[in-house]
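Protein chains in written order, with the working numbering: chain X, 174 to 331; chain V, 25 to 318.
Mixed in with the good hints there might be a few duds.
Claimed, not checked - Distance ranges between label pairs, derived from CB positions: (1) V:113 with X:288: 17 to 23 angstroms; (2) V:95 with X:270: 44 to 50 angstroms; (3) V:213 with X:288: 23 to 29 angstroms.
Unchecked claim - List of simulated lysine-lysine pairs, DSS-like, C-alpha gap at most 30 angstroms: (4) X:255 with X:266; (5) V:213 with V:123; (6) V:213 with V:306; (7) X:242 with V:123; (8) V:213 with V:66; (9) V:66 with X:242; (10) V:123 with V:66; (11) V:53 with V:66; (12) X:255 with X:242; (13) X:266 with V:213; (14) X:242 with V:53; (15) V:306 with V:261.
Stated by the list, open to error - Computed footprint of chain X on chain V, listed as stretches where at least three residues anywhere in the stretch have a Cβ under 8 angstroms from a Cβ of chain X: (16) 28 to 38; (17) 72 to 82; (18) 242 to 252.
Keep in mind the hints are simulated off the structure, nothing from the lab.
Just so it is clear, the structure is predicted and the values come from calculations on it, not from any experiment.
Ideal Cβ positions, reconstructed from N, Cα and C, are used throughout, including at glycine.
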Amino acid sequence: MRVQLSINGETHEAEVEPRLLLVHLIRDVLRLTGTHIGCDTTHCGACTVLLEGRPIKSCTMFAVQANGKRLMTVEGLEQDGKLHPLQEGFMEKHGLQCGYCTPGMLMTSYAFLGQHPTPTETEIRVAISGNLCRCTGYVNIVRAVQHAAAALHEGAAR
Amino acid sequence: MIPAAFEYHAPASLDDATALLAKLGDDAKILSGGQSLIPLMKLRLSSPAHVVDINNIPGLSYIREADGVLAIGALTRESELEESEIVRTRYPLLHDTCKVIADPLVRNLATIGGNLAHADPANDHPATMLALGAELVARGPGGQRRLPITSFFTGPFETVLRPGELLVEIRIPVPPPRSGGAYLKLERKVGDFATAAVAAQLTLRADGAVEAAGIGLTNVGLTPIKAVRAEAALRGKPLDDATIAEAAHLATGAAEPIADLRGSVAYKRDLVRVLTARALRKAAVRAATSEGGR
Chain X
174 MRVQLSINGE
184 THEAEVEPRL
194 LLVHLIRDVL
204 RLTGTHIGCD
214 TTHCGACTVL
224 LEGRPIKSCT
234 MFAVQANGKR
244 LMTVEGLEQD
254 GKLHPLQEGF
264 MEKHGLQCGY
274 CTPGMLMTSY
284 AFLGQHPTPT
294 ETEIRVAISG
304 NLCRCTGYVN
314 IVRAVQHAAA
324 ALHEGAAR
Chain V
25 MIPAAFEYHA
35 PASLDDATAL
45 LAKLGDDAKI
55 LSGGQSLIPL
65 MKLRLSSPAH
75 VVDINNIPGL
85 SYIREADGVL
95 AIGALTRESE
105 LEESEIVRTR
115 YPLLHDTCKV
125 IADPLVRNLA
135 TIGGNLAHAD
145 PANDHPATML
155 ALGAELVARG
165 PGGQRRLPIT
175 SFFTGPFETV
185 LRPGELLVEI
195 RIPVPPPRSG
205 GAYLKLERKV
215 GDFATAAVAA
225 QLTLRADGAV
235 EAAGIGLTNV
245 GLTPIKAVRA
255 EAALRGKPLD
265 DATIAEAAHL
275 ATGAAEPIAD
285 LRGSVAYKRD
295 LVRVLTARAL
305 RKAAVRAATS
315 EGGR
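Using the sequences and the hints, build the whole thing.
Quick look at the structure:
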C-alpha cells in the first residue's frame with residue numbers, strides 16, 4: 174500500500190506492506206535512525222515519536238495507520254543547527270548515560286513541556302513513566318527536563 | 025518482531041465496517057488503539073488474516089453527559105478520558121481507572137472500547153464498568169443492541185459480541201447526589217497488569233448509610249468479577265469499620281485468583297480484602313463531598 178506522511182515538516186511517500194511497523198518505516202525505509210527500537214514489546218518507549226503532537230510508541234502502530242498523519246521524530250528537535258533546550262538540558266545535566274532511551278525521553282518530554290511549561294518533579298516523573306532507562310539514570314533525566322523547562326521559560330520571557 | 029502478513033481494511037463508515045466484519049467472520053480482528061492487538065500479533069499469539077482498522081470511522085470518539093447518562097464513544101482514547109473535565113470532576117472512579125492503565129504513551133492510543141471488547145481479565149475498565157453498572161452498545165449488520173455489562177464477559181478474552189458486531193458506545197448512569205467511587209490497583213511497576221485491583225462505587229443516604237454499592241475486581245479470576253455478596257452486605261448499613269470489614273471479607277470470597285509471578289493465591293486474596301476496604305473508604309469520602317445528580 175502507498176502511504177504518505179509528514180515527518181518533521183517534510184512529506185515522505187513509501188510503498189509498504191500492511192504489517193510493516195511504523196518504527197521500521199521510519200528507521201529502515203526512510204533512514205531516520207534517531208528513533209530507537211528497544212524492547213520491541215511496548216514497554217520501553219525508546220521508539221517514541223509524536224503523532225499529531227502526542228507521544229506514542231512507534232513499535233506498536235502499523236505504518237499504514239500513519240497515512241496522512243503528521244509526525245515528529247528526534248531529528249526534528251534541532252533547528253538551524255541549534256540544539257533544542259531539552260537536548261542542551263540532557264547534555265548539561267548528564268541526562269544520558271548509554272543514550273539508548275534518550276530519543277524517546279526527549280520526544281515524551283518535548284510533548285509534555287508543551288502542555289506543562291512549569292511542571293513539578295512528580296509531574297515529570299509521571300510523564301516519563303512510559304519511558305524506561307536501563308541505566309536507571311532518572312535523577313539526571315528529571316533534572317535535564319527541569320533545566321529545559323527553565324530555559325524555555327526564560328526564552329519565552331525574553 | 026514482525027507480525028504475520030494480513031490484509032488491511034480501513035472502512036470509512038460503521039455500515040461498511042459491520043458489513044466487512046460480517047463477511048470476514050473469525051478471520052478478522054478489529055484494530056482500535058492496537059495496544060493489545062499489535063503486541064499479540066508481533067508475538068504471533070494472534071495472526072488474523074484480515075485486520076479491520078476502525079480509526080477512520082468518524083463519530084466514535086466523544087464524552088457526553090445527557091439524559092441521565094454519560095455516553096462515551098468506543099474509540100475514545102484513555103488520555104482523552106484522563107483529560108476530560110466531566111470525568112475528572114464527576115466520575116472519580118473512572119478517572120482513577122484511566123490514569124493507571126498501562127503508561128502515558130500507551131494511553132495516547134489505547135481506547136476504552138478496546139479495553140472492554142478485548143476482555144482481558146487483567147484489563148482495568150471491566151471492573152470499573154461492573155461497579156458503575158454500565159451498559160454497552162454494540163452495532164452489527166442488523167442494527168444496534170444494548171448489552172448490560174454484567175453479562176458481557178463470558179470468559180477470558182471472550183464476550184457476547186457476535187462476528188460482525190463492534191462496540192460503539194459505553195453508557196454509564198449519572199450517579200445520584202452523594203455518590204463517589206475509587207479504583208485501587210497494585211502493580212509491580214507502571215505498565216504492568218494489576219496484581220489485583222478493586223473498583224468501588226457508593227451512593228450514600230443523607231444519614232450516611234449506604235444506598236447503593238458497586239464492587240468490581242480486576243485480574244483475580246478468568247473474567248472480571250462483580251462482588252455481588254459484598255455489595256449486598258453494604259446496602260442499608262452505616263459505613264462503619266465492621267461493615268467495611270464484612271464487605272471486604274465477602275469480596276475476597278468472590279475472587280478466584282491463580283498463583284503466578286505476581287503472587288500466591290493467599291496473597292492475592294488478602295490483597296483483594298485490603299484494597300476493597302481502602303477503596304470503600306476513599307469512595308465514601310468522595311461521596312460525602314460530591315454534589316452529583318446533575
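Structure-inconsistent hints, enumerated in ascending order = 18
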